[in-house]
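*Asks:* One-letter residues, chain by chain:
Number of protein chains: 4
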Amino acid sequence: MPRKIRVTVWGENVHERTNELVRHIYPQGMHNTIAEAIAEKTGLHVRTATLQQPQHGLTRRVLDDTDVLVWWGHAAHGKVRDRVVERVLARVWEGMGLIALHSAHYSKPFKRLMGTTCSLTWREAGEKERLWVCNPAHPIARNVGPYFELPSTEMYGEPFAIPAPDEIVFISWFQGGEVFRSGCTWKRGNGKIFYFRPGHEVYPIYYDKNVRRVLRNAVHWAASDGVRWIDSCPQVPARKAPEPLQVKGPRMHKEGQKGFR
Amino acid sequence: MPRKIRVTVWGENVHERTNELVRHIYPQGMHNTIAEAIAEKTGLHVRTATLQQPQHGLTRRVLDDTDVLVWWGHAAHGKVRDRVVERVLARVWEGMGLIALHSAHYSKPFKRLMGTTCSLTWREAGEKERLWVCNPAHPIARNVGPYFELPSTEMYGEPFAIPAPDEIVFISWFQGGEVFRSGCTWKRGNGKIFYFRPGHEVYPIYYDKNVRRVLRNAVHWAASDGVRWIDSCPQVPARKAPEPLQVKGPRMHKEGQKGFR
Amino acid sequence: MPRKIRVTVWGENVHERTNELVRHIYPQGMHNTIAEAIAEKTGLHVRTATLQQPQHGLTRRVLDDTDVLVWWGHAAHGKVRDRVVERVLARVWEGMGLIALHSAHYSKPFKRLMGTTCSLTWREAGEKERLWVCNPAHPIARNVGPYFELPSTEMYGEPFAIPAPDEIVFISWFQGGEVFRSGCTWKRGNGKIFYFRPGHEVYPIYYDKNVRRVLRNAVHWAASDGVRWIDSCPQVPARKAPEPLQVKGPRMHKEGQKGFR
Amino acid sequence: MPRKIRVTVWGENVHERTNELVRHIYPQGMHNTIAEAIAEKTGLHVRTATLQQPQHGLTRRVLDDTDVLVWWGHAAHGKVRDRVVERVLARVWEGMGLIALHSAHYSKPFKRLMGTTCSLTWREAGEKERLWVCNPAHPIARNVGPYFELPSTEMYGEPFAIPAPDEIVFISWFQGGEVFRSGCTWKRGNGKIFYFRPGHEVYPIYYDKNVRRVLRNAVHWAASDGVRWIDSCPQVPARKAPEPLQVKGPRMHKEGQKGFR
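Residue numbers (the numbering used here), protein chains in the order written: chain C, 1 to 261; chain E, 262 to 522; chain P, 523 to 783; chain G, 784 to 1044.
To be clear, the hints were calculated from the coordinates, so they are not data collected in a lab. Glycine is no exception: its CB is placed at the ideal position from the N, C-alpha and C atoms. Among the clues, some could well be false.
Stated by the list, open to error - Simulated pairs of lysine-lysine, DSS-like, Cα-Cα distance not exceeding 27 angstroms:
#1 Lys187(C) with Lys448(E)
#2 Lys762(P) with Lys563(P)
#3 Lys650(P) with Lys240(C)
#4 Lys240(C) with Lys389(E)
#5 Lys340(E) with Lys448(E)
What the hints assert, rightly or not - Per the computed footprint, the stretches of chain C lying under chain E, defined by three or more beta-carbons under 8 angstroms from a beta-carbon of chain E, are:
#6 110-118
#7 199-205
One chain only, chain C, in its complex shape:
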């Protein structure tokens, strides 16, 4: 029987508490709506974590127990502590999947994994968006048809300053005339990463049935098969070299010593 995927949805949970309209749309917070979307029909175990919790809810134990981390952040990127970010990165490299949603293009973990600015252009006009599927057989694009539409959404436009994606799953068409690479994948270390554009605090995007389906698809795609590996940069002693080796010349380190970092 296939292993159950363990999902953690992280939400910064700021606007939901400070903005009446956001609270109205997402009364339990966006993270809970996103978590419900993923649990729906899959029976997956989905937990949530928020900025306000100790260690932002992302303790070592929680991350160890997470196969896929979904990230929603917008107003408080700068408040996420670097120590937690490092912990998230290490788990991604080890094999945890990461799904970065909408404004998480500017979140610390995503920017660190990309190594670019991750900027874009944007407009809030409640316009129509149509997401085209670039490969109908891609596991993330299953069962959404050749495209799906969001009637009212924020616009994100090119240039989107990312490294060339491994695969482009969705490209968006906007009523106002722009386009955007809305679904992109990368691998960093052993972690699979999916960026997915849809989402906004004041539109009910995470109630849309196609968005929810893509979230579920993406969780299944991003989950590792359970094998974890992260490097330790070991010194290999000369006497353990695969080929017999006579040491010659000087050295900077003693045998058994760690390298500089």
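Position chains E, P and G against the provided structure of chain C, taking the given hints into account.
*Replies:* Okay, now just chains E, P and G, sitting in the frame of chain C:
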């Protein structure tokens, strides 16, 4: 007439001042030997900068005046200030080339651009290394033949924890039995990045004629053509949308306001 | 319960019938030894097909019933009919995995999928090969340790004229001094492709336990999840455009007509 | 002084001779209009070649004398002889740039270099297209602003069945609601490849000033620096191995013999 490429060689300049043997091999510091290698036969303007200078010698003015930055660091990666790192990253994204040498696989700028751990295995035994050219017509591999050898070198071995390179220019064979992706390229933003393995404090690697030739080749390859661009993540007002657009629905930001970061 | 993967091992079956030594090592033909290696411990359904069968054993029905095709060819690449090659390509694009072994770097399907010459350098001296794992957590590299060795093998050396792989799983070290990208992955259409270097007619490579393990790993990695898709290049009538559209200007094709090919 | 780039524009030259409307728009043939666009302001030497000439005008001598080949074809892809295609491919691998225009997504050389079907969806309704620049500093996108528009054009839509591009330079927005990766780059062997969507027989696309500018930019980007290399798959004799090597075990080939192809 082609523009003269402006090169800055950054060296941490630590072991040269504290280790007798390193001082003996590189009496002017490794950065100066590397700078000479690049200036040799090219007439390029090559400046140097070191950790000990104010702002590590990498002021905004110096970086603005740099087309390609060459980076040597080893013992003092952690001493490089984050503000300077951010400035280097911004210039890479804008178009400056970056050549990371040997132990710079663990330097802050390189790790930030890769988004991975950049670890490897290693051994100091003064063994032989043979660097194979994976594409003889690649600009970085010109005029070094099908391979070149270093008689005495530190070993770096796989797994090398990097994102899949755009191109692999060199793969090394080591006497002790390991292999390594010794010459790799990536693009981040508009900056071209080249990682080149050879180099060590206590072997005269940067006097080797093939290593010096590769350094010159790489500088020419990495130099941008002078056009700079970096994104600003602008808000596009609805009335400036390419297609006529009626604003509908609520907004999180006012027109003209900046987005969250 | 996970779907059983259906594997077809194709072998050209030439040297096994014409060369005494090859027959001695692979009395049932190399394809059967490879098929046994894949079936071993997995209980997978593995069928074989050979050059000499009608349509080389790769009828539409066989390919339809194949999730992963393993290809061994060497002396008779040119005898594989183009019609069969086209059929293989279409199934790869639709989602069938392809594992190309050793001299299959020059097989028609592999060259067609790569779009390059796929050349390399080579030597038959029965030398030692050590295959290093570039990412220990990669599904194809499971349970073989940091490296494995083949005591006697043909050498393949760089430059290997392939497009930049999506991932490099193995790099080989050869006793005679060369290196080679021995395990590489690509995706073309929806098909996952793995090139694996080990193999030779007159060395018992396909009896090696690590080689056999990699074959099994690769079959699991390359198998699609059953969803198939291949494009048809459809004309979209103006009246079915997602946005209301007034046709203006002349046309080359009538509505409903197919495009040129 | 930089070397002058030698450009050959290949046109199938079919509709220009058989369709009154096409002849009216492109009285000298599309290839000549494209050639003029490239020569304009650059002073480059641009020659043309057509399907109807002996060897389609692409003799070994012409290709040897070509740094960048621009390809227009639509109705007669199937009439291009395979021998000429092989010659074009070999020159690309050796370093010649290739620019495939519009319907050349289905041309033999482009499909062979991609290794995929290269299909898409399409509609002829004379609708508006807006091409967005995904990286304003990319050499191919210089001086066209954040986007440019074509008032009346054929639509090409996703899914576009290509391997993941190295870089995406343009993405198109269509009035009818579709999107398309309209400017993509790859490298195969040493040849740089650019696919550029705009173009149609019955719209005056190749008179558009931005399209013409992109053509010139692309020619400069795709041109190699003159170094050529193509592999020969040589056998390396054991006595010429970089490391001393005792031959052991049997062989399939004699020393000096060529491998199978």
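*Asks:* Look at each hint and say if it fits the structure.
*Replies:* These are the hints, each one checked on the structure:
1. Lys187(C) with Lys448(E): Holds, at about 16 angstroms.
2. Lys762(P) with Lys563(P): 52 angstroms, violated
3. Lys650(P) with Lys240(C): 18 angstroms, holds
4. Lys240(C) with Lys389(E): Distance of about 16 angstroms is within 27 angstroms: holds.
5. Lys340(E) with Lys448(E): Holds, at roughly 26 angstroms.
6. 110-118: With 6 residues in contact (Cβ-Cβ under 8 angstroms with chain E), the coverage given for the region 110-118 of chain C holds.
7. 199-205: holds (count 4)
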